[in-house]
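Asks: Per the working numbering: the sequence shown = residues 259 to 854.
I should point out that these hints are in silico values taken from the structure, not numbers from a laboratory. Any given hint could be a false lead.
Stated by the list, open to error - Using 27 angstroms as the maximum straight-line C-alpha spacing, the simulated DSS-like pairs for lysine-lysine come out as follows:
1. Lys477 / Lys841
2. Lys841 / Lys812
3. Lys417 / Lys562
4. Lys719 / Lys741
To be verified - Label-pair ranges, simulated between beta-carbon atoms:
5. Arg311 / Ser483: 36 to 46 angstroms
6. Pro481 / Ala376: 38 to 48 angstroms
7. Pro487 / Ser421: 42 to 52 angstroms
8. Arg300 / Thr486: 30 to 40 angstroms
Using N, Cα and C, we set each Cβ at its ideal position, and we do this for glycine too.
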Amino acid sequence: MGKITILPDTLCNQIAAGEVVERPAAAVKELLENSIDAGARRVSLSLLQGGRREIRVVDDGSGMHPDDALLAVERHATSKIRSVEDLQAVSSLGFRGEALPSIAAVSRFELATREPDAVSGVIVRIEGGILRDVRETGCPPGTMVTVRDLFYNIPARRKFLRSVDTELAHINDQLLRLAIARPDIHFQLHHDERRIHDFPRARALEHRAAQILGPDVAKRLRPFSHRTPVVHVHGLAAPADIQRAGSQHLIVFVNGRAVWDRVLNRAVTAAYESLLPRGRFPLAIVFVDIEPELVDVNVHPTKKEVRLRNPGETVDAVRIAVRGALCASRPAALSSPAQAFPRRGIESAPHLNETQLSMDVFPQASAAAAAPSVRFQPSFDDVLPSAATAEDTGSPLPDSGSREPVSFARLPLVGQVANMYILLEAPDGLVIIDQHAAHERILFDRLTSSPSREPGQRLLKSAVLDLMPREAAALRRWTGRLKDIGFDIEPFGGDSFVVHAVPSALGSCPPDLLVREFLASAHEDENAPSFEPLTALVKTAACHQAVRAGRRMKPDEIRHLLEQLDLTPFGSTCPHGRPLWHKLTHAEIARMFHRT
Numbered sequence: 259m260g261k262i263t264i265l266p267d268t269l270c271n272q273i274a275a276g277e278v279v280e281r282p283a284a285a286v287k288e289l290l291e292n293s294i295d296a297g298a299r300r301v302s303l304s305l306l307q308g309g310r311r312e313i314r315v316v317d318d319g320s321g322m323h324p325d326d327a328l329l330a331v332e333r334h335a336t337s338k339i340r341s342v343e344d345l346q347a348v349s350s351l352g353f354r355g356e357a358l359p360s361i362a363a364v365s366r367f368e369l370a371t372r373e374p375d376a377v378s379g380v381i382v383r384i385e386g387g388i389l390r391d392v393r394e395t396g397c398p399p400g401t402m403v404t405v406r407d408l409f410y411n412i413p414a415r416r417k418f419l420r421s422v423d424t425e426l427a428h429i430n431d432q433l434l435r436l437a438i439a440r441p442d443i444h445f446q447l448h449h450d451e452r453r454i455h456d457f458p459r460a461r462a463l464e465h466r467a468a469q470i471l472g473p474d475v476a477k478r479l480r481p482f483s484h485r486t487p488v489v490h491v492h493g494l495a496a497p498a499d500i501q502r503a504g505s506q507h508l509i510v511f512v513n514g515r516a517v518w519d520r521v522l523n524r525a526v527t528a529a530y531e532s533l534l535p536r537g538r539f540p541l542a543i544v545f546v547d548i549e550p551e552l553v554d555v556n557v558h559p560t561k562k563e564v565r566l567r568n569p570g571e572t573v574d575a576v577r578i579a580v581r582g583a584l585c586a587s588r589p590a591a592l593s594s595p596a597q598a599f600p601r602r603g604i605e606s607a608p609h610l611n612e613t614q615l616s617m618d619v620f621p622q623a624s625a626a627a628a629a630p631s632v633r634f635q636p637s638f639d640d641v642l643p644s645a646a647t648a649e650d651t652g653s654p655l656p657d658s659g660s661r662e663p664v665s666f667a668r669l670p671l672v673g674q675v676a677n678m679y680i681l682l683e684a685p686d687g688l689v690i691i692d693q694h695a696a697h698e699r700i701l702f703d704r705l706t707s708s709p710s711r712e713p714g715q716r717l718l719k720s721a722v723l724d725l726m727p728r729e730a731a732a733l734r735r736w737t738g739r740l741k742d743i744g745f746d747i748e749p750f751g752g753d754s755f756v757v758h759a760v761p762s763a764l765g766s767c768p769p770d771l772l773v774r775e776f777l778a779s780a781h782e783d784e785n786a787p788s789f790e791p792l793t794a795l796v797k798t799a800a801c802h803q804a805v806r807a808g809r810r811m812k813p814d815e816i817r818h819l820l821e822q823l824d825l826t827p828f829g830s831t832c833p834h835g836r837p838l839w840h841k842l843t844h845a846e847i848a849r850m851f852h853r854t
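With these hints in hand, go ahead and build the complete structure from the sequences.
Replies: What follows is the structure, encoded as structure tokens:
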């Protein structure tokens, strides 16, 4: 007798549930997506014990005919696709017809539904995948799904559920993502008969963002939109000073579906290149709208991953769109009164390419003064807003929602501290600028604004590099790309190379340092989208050419640096993402002396 047999439907549904219904949040996601696909304008989610005891979703969508209600709990029964062509151009959130039977197979399941024009509805009860009851009932138009005792019949799965708070946090995350994707729907969340969220229908994404993130953060988000013949990228991006320790606040939607796509996430972080420190992540909401036939959503059991047919073009569009928003979110004026400083917007400033900005900003400066006896190293942990400070406290950085741009050069100069920091007096406080970080940002922006494909500068004496085998292999891969930006590097036998020329803009930096720093950066970042060798090199060049901490600066040198900083589009951080200035308000200073 043969050993292979066809599994019964009940067991098949439990196996499918293991893929689709990983935890209560997965069941919630599937039920909420069904409500959205049904055209609901109001969705209420109620939970008991973090969804372990009960999940109830009520919507005012189209409802179902009794015959459809029975079919909906059968495997691979769906109203959303009919053919292979439909599968290749899915526009709905759900399409497989697996969610309801999978959930019903591992819970005590109840479905009550009525079409708007029907006199009565139908209620379907299932326990562990076995149909227990079907009968006519009175109920409002729409659908109500109740899931009780999830995994009651699979003790091994149930014991792997986390605490109530943890499961609730996962459910909350799913709800918030769908609420962001659909501001036109009223969402409610109740837990243990206590209201957690109530998001009324919003007129636009900005209003929904204010409901979820709070008005203080939402008003600093910058809208963006970029369209190509293939893709439309739009959404909201926070300035670099609103940053997080994790990537969970970077939310990407593809055709309205929240996805976790490593390539698209990297495209967003690439837009923040030189604005965020390593290990910090942006707050951004990104919508990628693309023709459905160019996206494969049928690559993951829970549909959280997608496959793009033209990933390169999409990645470039995402990076350009988000970067454009950051260019538009230049720091606001230091003063609260709009009349404190004459308007000096970016549009009135000469472009960096047109600005006569020498590599040495301080041509009249003497040799660097001796370093102070006590070398104070700034703690950026005290300056950089944490996940909470930018939202819950008075942020040291200005509100970029203001219309007035920063004008450092117009502020009275107080002096220089420890030959490292420039002090300026603002109408409402004291501004502290890291002189090295500021000069580094100026040089970086100036160098990156230059054409990348320019002739290299020949070295008077070629430099020979003796590399490690791994470095040599990497340099062989990158030799062609480095040649495009002005390098002339040739093999010199074994793992040695000779450098004959470097990019003109980087001519003042030691060639061996440039190449070694580039190889180190390429080793870490070459898998990121839009990794640019010149950017990595320019960071090194700007850092080594910038005025050093410990150098005493003359007042006219400081003023010249501030004028150039005013022309810099990203004047809040150094190229490595560290903050380059900080403001202490009068109120903060008064608190230090217990005067409030």
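Asks: State the violated hints by number, sorted upward, taking the hints as numbered earlier in the document.
Replies: none
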